[in-house]
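S.K.: For the record, the sequence lines run as chains A and W. Here the first sequence is numbered in this note's numbering, starting from 3 and rising by one per residue. Here the second sequence is numbered in this note's numbering, starting from 3 and rising by one per residue.
Hints in this document: simulated from the structure, not taken from any laboratory. If you're wondering where the values come from, they're calculated on a predicted model, not measured in any experiment. Where hints are given, some of them may not hold.
[What the hints assert, rightly or not] Across the chosen pairs, the derived CB separations fall in these ranges:
1. Trp-432/A - Arg-265/W: 58 to 66 Å
2. Asp-47/W - His-97/A: 43 to 51 Å
3. Arg-206/A - Glu-140/W: 53 to 61 Å
Backbone N, C-alpha and C fix where the C-beta goes; we use that ideal spot for every residue, glycine too.
2 protein chains.
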Amino acid sequence: MKIVSLEAHDVRFPTSRELDGSDAMNPDPDYSAAYVVLRTDESRDGRPLEGHGFCFTIGRGNEVCVAAINAYAPLVEGAELDPGDLGGFSRRLLHDSQLRWLGPEKGAVHMAAAAIINAAFDLAGKAAGLPVWRLLAEMAPEQIVDLADWRYLTDALTPERALELLRDAAPGRAARTETLLARGYPAYTTTPGWLGYTDDKLVRLSREAVADGFTQIKLKVGADLDDDVRRLRLARDAVGPGVRIAVDANQRWDVAPAIEWMRALEPFAPYWIEEPTSPDDVLGHAAIRRGVAPVKVATGEHIANRVLVKQMLQAGAIDVLQIDACRVAGVTENVAILLLAAAYGVPVCPHAGGVGLCEAVQHLSMFDFVAVSGSTEDRVIEYVDHLHEHFEDPVRIVQGHYVAPGAPGMSTQMKATSLAAYAHPDGEIWRNH
Amino acid sequence: MKIVSLEAHDVRFPTSRELDGSDAMNPDPDYSAAYVVLRTDESRDGRPLEGHGFCFTIGRGNEVCVAAINAYAPLVEGAELDPGDLGGFSRRLLHDSQLRWLGPEKGAVHMAAAAIINAAFDLAGKAAGLPVWRLLAEMAPEQIVDLADWRYLTDALTPERALELLRDAAPGRAARTETLLARGYPAYTTTPGWLGYTDDKLVRLSREAVADGFTQIKLKVGADLDDDVRRLRLARDAVGPGVRIAVDANQRWDVAPAIEWMRALEPFAPYWIEEPTSPDDVLGHAAIRRGVAPVKVATGEHIANRVLVKQMLQAGAIDVLQIDACRVAGVTENVAILLLAAAYGVPVCPHAGGVGLCEAVQHLSMFDFVAVSGSTEDRVIEYVDHLHEHFEDPVRIVQGHYVAPGAPGMSTQMKATSLAAYAHPDGEIWRNH
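Chain A with its partners taken away, still in its complex shape (with noise of 0.2 Å):
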């Protein structure tokens, strides 16, 4: 088939009004998506056959993004897009030289390549009448393994030792397909615990959590220790002892003072300790990680690209490696991050939230249950009850765990209607504001 249009769209959300996503680091975010269509030449069942997807930002720059997606239009406007060939399309994206000069892999032109790949492999999943986990469940080794860009990796894990991994995973598919479908991948909720929330609003949300179902839930952490510690104690008195609070302080520390804080923190067992520094500090997570254990560490969702990953896994930096959907570029990368986690034995457990990144990122987790780890445990996925109803295939999550969807595609279609509403700066939310 042939891709006649990318089109990109700036659409943002004015959560910053209610302090939804409030956090150390991000006081006022308005969720937003540099969001792509590509066109093609087909149709499917007498609809135009057409791919969604997007990266995800905080408000201001979400307008660099869509510069970023349209720089890449040239390399995809008029090209044929072959749905067993989608590593090929990957890299003729990241691969090109002047575009790669602005990361290289990463900042505005990687996310802007994620938007474009994903919305490629919603494409291809629509064609071929899969939701996209299913896709790449169904792929034979051979195609998984090809979808990865290997430059910079076989010093930790080669395309043969992958292959290998692949391979020995496969037998399995068909029962961890049928167990997937009949109980859904496990998910925890943050829902309870932005830092722009009251004490009383924590509590409720908390206990709703358990209620619902969910076994692990997240506090942010890092603006104030003496509130941190008055929050835990609330959050923890509120879930028993029985459910696991993930804490979350988005970068806001050096190492010594992390390591600090969280020995304050451990009366109250948090579970995890997420993005406790600089996403790039590698060397700064491992020290980390040896200051505040048993309490795990945890980061991903700011990691620039595989070759970030891959040295968190050489140094032992990590406990959990928390996947984005959109910052690394897209599905690609993502396939040879799962493959890099498996191969070390670190569990993913993804970010997600914002504005469609529960939707999107659910397909690399499902698709790593069926044909890559093989496990859900200690494995699961964020869940934030923010903005779904925008979507034509929003996540359905029953009793802690999200459901695994059917339709065809990645889940990363925004209605029309709030494409046209939230539109950046002329739709009508942004022209009455």
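With chain A's structure known, arrange chain W on it following the hints.
M.R.: Here is chain W on its own, set in the frame of chain A:
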């Protein structure tokens, strides 16, 4: 003084037509600048007081950096610029939580911040009537320490320790300023070594470099091993055993191939291997360094920020640090990086070339010599003889040394005629292309 407006320009030079700047990863660069003019409500010597700065790209995507510069405009336009608080100015840009999300501290938004921060230093230098190297070198140690953003650095270097370093260097400042003014700062040249050049051109330019007083040249490698062996042999024969030949792979290799390739080049005594692999790969550089000794490992032009520099030093991953004036957040982040390098005793040999990078970065090395490391031993600034004619105050090279600039500012102001002619896509050079 008040910044009344921020103007962003997309300026591109069609260098790909001559294969100037061609290397193993960047076959056809069009050297470009996302260029900033800060206009103020003041004047000096009857001329309006302005600051000029830029970041460097190689063509496509330059418009993305321009968009990122414009994204900062609301933080800059109408702001008071206190030349005594350029650290504060810099941190206000870099800590904007919504724009930070697009990095953090990397990619297009970080390069845009570099352009603006360098323009602010150009402005401050012009306001004070001093070249920026001297503006910096005459600051009190406390003022210099306050330029840096210390977040994420304190496990390697605290502001208190940095202050000690600067105080220790203070008594020698006057004598070193005299030395610098008399002798200039050592340079090396990359002019002979572009991958697209013929063997004859390589030999001729190598001989010319030695005749011009350079004691180090650099060759691009990494596309084809047989070619590299032949070219390095030709260059070694042309310059003789006493001249250093650095080689530069521009991120072409994984760890094992880097070591193998360099073993094959060892007979020709390369001085350093530059960018053997991904600039994000701290542990990979450390492994390569162990594998290629006594050849030195150099990197830095694509290192995104001070956190990655910190780790390169902590891990003993590099022998030579190659700062870039415009990829990290301009003068302020480079001050932090120079302090880190001095603390770890690693020499800084800046990346230059491109468009205007020589002009900008000389100020940083000269400041380093006078006020930070206090040495030019094993330190050279890259020199490439491209595109200097477009600048108001171009670099001057005498006997293989950069002459210390005397004009106020950062030497980053492009001629108005060049800004107009090379404007993309509407300047005459591109309109007629």
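S.K.: How does the Cβ-Cβ distance of Arg-206/A and Glu-140/W compare with 53 to 61 Å: does it lie in that range?
M.R.: Taking Cβ atoms as reference, Arg-206/A and Glu-140/W lie about 59 Å apart, which means the hint holds.
S.K.: CB of Asp-47/W to CB of His-97/A, is that within 43 to 51 Å?
M.R.: holds (49 Å)
S.K.: For the pair Trp-432/A and Arg-265/W, does the Cβ-Cβ distance stay inside 58 to 66 Å?
M.R.: Given a distance of about 60 Å, which is inside 58 to 66 Å, the answer is holds.
Checked against the numbered hints above, the structure violates none of them.
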